[in-house]
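Visitor: Below are the chains, spelled out letter by letter.
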Amino acid sequence: MNDAAVTALSPETVLGEMKKNGVTHVVWLPDSETNWLYLLMKAEPSLRLVGVSREGHACSIAAGLAVAGGKPLILIQNTGMMESGDSLRGWLLGLNIPVVLMVGYRGWTRHGVNQDSAATYTERFLMAFGINYYLVENDADAPRISIAFEETERTKRPVVVLVGDEYHGFNR
Amino acid sequence: MMHTADMLKVFGPYREDAIVIPGRGGRYWTEHTTRPNLDVPLGDPAMGGHAGFALGVALARPERKVILFDSEGDLLMSLGMLVTIAEQQPANFYHLLIDNGCYATTGGQPVPNADNIAYDVIARGAGYPRAFAFDELGQFSAQLPDILGKPGPVFVALKVAAEIENAPIGRRRRWQTRTRDQVVKDLRAELGLGA
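Residue numbers (numbering that gives the first Met the number 0), protein chains in the order written: chain A, 0 to 171; chain B, 0 to 194.
Heads up, a few of these hints could be off.
Beyond 10 Å from chain B on every Cβ pair, some chain A residues (computed) [said to hold, decoys possible]:
id	residue
1	Asp85
2	Gly106
3	Glu136
Short, incomplete list of chain A residues facing chain B, as computed with Cβ under 10 Å [as the list claims (entries may be wrong)]:
id	residue
4	Gly21
5	Pro44
6	Ser45
7	Leu46
8	Arg47
9	Arg53
10	Ile60
11	Ala65
12	Gly89
13	Gly93
14	Ile130
15	Tyr133
16	Leu134
Think of the hints as simulated: they come from the structure by calculation, not from any bench. Quick caveat, the model's predicted, so the values are computed rather than measured. Quick reminder that beta carbons are idealized off the backbone N, C-alpha and C, glycines included.
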């Protein structure tokens, strides 16, 4: 077992968190590392996958789901989250939608110098919008996903889980 | 060419207990609705999102019809939404498009290529199993019972006269009587959901 396998956030863990927290719909646009999670979600009968072609669409769809009694999860990459700024503002913050966004943290690194502007602006973006977030890097961090679900229900606001293991977490 | 108010008057008797998202037809729909707590007039939370919001409602409430009055400016911002709707195939989703060819609330500037777009063709190409286009009220009125009587998703493009607003926003008539929070609260109460 290599270091990556030891530290990875496993797709089974992520799926377990979704089920534990009663997610009904995953509104998502694949990023480069979610293939294993996709296969697991597709095989899970309690989840309905709603694929979008641009991340901002996920915000309005999730708003409609939540308002009408569903429990959506948004699964996108940080690049798409930043592209979705006005939809986040209007459809999620504006309508007080309790939804967790799992966001692939492209460019995240604890080692050396960040070389990806997607990472440079991710947390600054969330701070500008006043959206709270939790960093999840491996299975040991997974309870933070449930914390995010609890917080979003309590505050009626979107909460972000940054998946900081994106470059190898979901691929094995 | 038809007027939005007349089109909504024709639609009114067929509404039954559907959830109606009136979009930019909201200011006229208030005169015809008989179930205001099942209406979701949100104004414009973020342009381009009405179709997504309506899809979300439809997926969460598959037992109830959801009728969206979208607008072409909104839809053009999110054409990719059509393929998502088509893939999901919500049988309870009725997607009506109010096409006045312009951005009426900003002074009537035309949308790009306004005179040459076939929205019904785009919807059919995206995968909607049924798509229609009407520019005359009589034709729309005649076919509406059949359109609403069969499963969705269905797309209906409606060419309407532009009613351009040039008055400063602060001087325009306010037709909304409920806040967005109240609209959501009323809908959830109607659907038997908690706050």
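Visitor: Does each hint hold? Answer for all of them.
Guide: Status of each hint after checking the structure:
no.	hint	verdict
1	Asp85	5 Å, violated
2	Gly106	25 Å, holds
3	Glu136	31 Å, holds
4	Gly21	13 Å, violated
5	Pro44	16 Å, violated
6	Ser45	14 Å, violated
7	Leu46	12 Å, violated
8	Arg47	7 Å, holds
9	Arg53	5 Å, holds
10	Ile60	4 Å, holds
11	Ala65	7 Å, holds
12	Gly89	3 Å, holds
13	Gly93	5 Å, holds
14	Ile130	15 Å, violated
15	Tyr133	24 Å, violated
16	Leu134	27 Å, violated
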